[in-house]
Every structure is written in structure tokens, then in C-alpha cells.
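*Asks:* Now for the letters of each chain:
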Amino acid sequence: GDSVTQTEGQVTVSESKSLIINCTYSATSIAYPNLFWYVRYPGEGLQLLLKVITAGQKGSSRGFEATYNKETTSFHLQKASVQESDSAVYYCALSDMPNYNVLYFGSGTKLTVEP
Amino acid sequence: DAGVTQTPRHEVAEKGQTIILKCEPVSGHNDLFWYRQTKIQGLELLSYFRSKSLMEDGGAFKDRFKAEMLNSSFSTLKIQPTEPKDSAVYLCASRAWGNTGQLYFGEGSKLTVL
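For the record, the sequence lines run as chains X and E.
Heads up, the final residue of the first sequence is numbered 115 in our numbering, and it's a clean run with no missing numbers.
Heads up, the final residue of the second sequence is numbered 114 in our numbering, and it's a clean run with no missing numbers.
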């Protein structure tokens, strides 16, 4: 079945440094899946950060970027300069045929930004 | 507008008990999802409803987990009987019709089974 892999369970980065959170996916259909990043800030519900539905395209939001790479089946999340307020848990997710309505999530990466 | 509301926020149960978790989706949303969240597995799909009809249920959760949508503004997740391995955060999410991907999540119900 469809699956999403996030290799790092926790990442710690110093403020103003760059960040990359890895995400790779496996899709069973021949059509390309839709890819998403969701984020959960402390004390809040999980919310959509960005999404990309076309292979080769880049999504961006709040200074974060992710590029849909179908060759490497990856959708890594990057930010050039993190802030303390970015500390949160980040989830990569996909939806795929035959049911694009259902999202499948990775195990999450907890980001801690140190001052 | 109110977001997704889940109750209770915390639940402690003895092994073998029956627990019911509740969810009120965003008003007007047609899709409702239940997920189980653990540190190891991340988010696992339990159930998906569209306009109150069950569209998909997680195969691994069928025997003791039952989600229902009694009306368009209320859903329950029953776990019967509970086991210690059910300890997790249970998340409810809703989505407007035709808006693929934009899920609105509640803060979750944290279940601890002793």
C-alpha cells in the first residue's frame, strides 16, 4: 500500500540555521500522488503547512519549501533560517488513487529550535 | 467559526473497559476522519466518512474499533474492549466537500489504558 517514511524522529537546530526534514514516499498507483506537509505547534491541532499535487513543482509557506521529486520519490521540507517559533512536530503525508480523499501520514519529526 | 471539537481531552481506562470518544466537525464539512496517533506509527487511519456514510475503515482496527456518524455534526469512536496497546492520541479531522487535502484537526483525545 501507500506509505510515507520520515527517517528522523527528532531534529534539533540552532536558531537562524538551515533545516531539512526528510520525507520519502511509496505509492501503489501509476498516477502520481498528492503530497503534503502538516504541522502541529504546541497546544494546537494539526494543520496544513503546504501541499503539492504536481510532480516537479514546489510548495512554500511560512518560509518553508518542499519540492515534489518523482525520480527520487521524495518531498523533503526545507527552510533557510529557522526561528524558535518553528518548534513543532512536522508530518509528511500523501493521498493517491483510487481514493485521493484519504491521507496517509508519516511518523512525524519533532523539530526543536534552540536560541 | 468553531473548529473541530473532541471530547474528552484525556481518558484513563482499565483493560477490558468500553470507551467512547466524541467529535464535532467544523460546521458544514462533509468529510470526517478518525486517526490514531502514536510516536512509532505516526497517524494511522481508523475511519473515513463522507456525508455520514462510511467510505473506508482501517483494516487492522475493525474488530474492537467502531466509528459512527450519527448526524452530520457528531461522530463517535467506540473501543471495546480496550487493551493497553490502545493507549494513544485519537484525532478527529473534517474537511469541506471537494477540498482534497485540507483537513482540519481537533486537538485530540489522549487515551491511557492501564
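Read the hints as simulated data drawn from the structure, not as lab findings.
Hints should not be assumed to be uniformly reliable.
Unchecked claim - Each pair of labels, with its calculated beta carbon distance range:
{"no.": "1", "chain 1": "E", "residue 1": "T18", "chain 2": "X", "residue 2": "G56", "range": "47 to 55 Å"}
{"no.": "2", "chain 1": "E", "residue 1": "P81", "chain 2": "X", "residue 2": "S81", "range": "49 to 57 Å"}
{"no.": "3", "chain 1": "E", "residue 1": "Q17", "chain 2": "X", "residue 2": "K70", "range": "22 to 30 Å"}
{"no.": "4", "chain 1": "E", "residue 1": "K39", "chain 2": "X", "residue 2": "K70", "range": "25 to 33 Å"}
{"no.": "5", "chain 1": "X", "residue 1": "P98", "chain 2": "E", "residue 2": "S72", "range": "21 to 29 Å"}
{"no.": "6", "chain 1": "X", "residue 1": "Q57", "chain 2": "E", "residue 2": "V12", "range": "44 to 52 Å"}
This one's a predicted model, so the numbers in the text were calculated from it and none came from an experiment.
Every residue gets a Cβ at the ideal spot worked out from N, C-alpha and C, and that includes glycine.
*Asks:* Does each hint hold? Answer for all of them.
*Replies:* Okay, the hints, checked on the actual structure:
no.	hint	in the structure
1	E:T18 with X:G56: 47 to 55 Å	holds (49 Å)
2	E:P81 with X:S81: 49 to 57 Å	holds (50 Å)
3	E:Q17 with X:K70: 22 to 30 Å	violated (47 Å)
4	E:K39 with X:K70: 25 to 33 Å	holds (30 Å)
5	X:P98 with E:S72: 21 to 29 Å	holds (25 Å)
6	X:Q57 with E:V12: 44 to 52 Å	holds (46 Å)
The earlier numbered hint that this structure contradicts is number 3, and it is the only one.
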